[in-house]
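Kindly produce the complete structure, drawing on both the sequences and the hints.
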Amino acid sequence: MQAKFTNKVDDFIQYHKKSTIWLGIKLAARISRPYMGWLVGNGEVINFWRDTWATEIPLREYIKMPQSM
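Going by the UniProt record's numbering, the first residue of the sequence shown is number 1, and it counts up by one from there.
Calculated from the structure, these hints are not laboratory results. Since we're looking at a predicted model, the values are computed, not measured. Don't be surprised by glycine CBs; every beta carbon is placed ideally from N, CA and C. Take these hints with a grain of salt, some might be off.
Said to hold, decoys possible - Restraint ranges, calculated between C-beta atoms of paired labels, are given here:
(1) I63 / Y35: 33 to 39 Å
(2) S68 / W38: 26 to 32 Å
(3) K26 / S68: 42 to 48 Å
(4) P66 / R30: 30 to 36 Å
Put into structure tokens, the structure is as follows:
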């Protein structure tokens, strides 16, 4: 959602259509943003290839790579 609706400095983009839903999303995001964060892996150790990022499937499942990685 962030990539689709925010610009490079994390401000919400101006949407091209008037929408009460969009106004509600922007309001909710402003209120909740201070309480949001990212947790990668278990929060202590990051494994780029084995942790899940945008889906429930780790990156290593999408490409053929040695089991040792």
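Comparing the hints with the structure gives:
{"no.": "1", "hint": "I63 / Y35: 33 to 39 Å", "result": "holds (35 Å)"}
{"no.": "2", "hint": "S68 / W38: 26 to 32 Å", "result": "holds (27 Å)"}
{"no.": "3", "hint": "K26 / S68: 42 to 48 Å", "result": "holds (46 Å)"}
{"no.": "4", "hint": "P66 / R30: 30 to 36 Å", "result": "violated (46 Å)"}
The structure fails hint 4 only (numbered hints given earlier).
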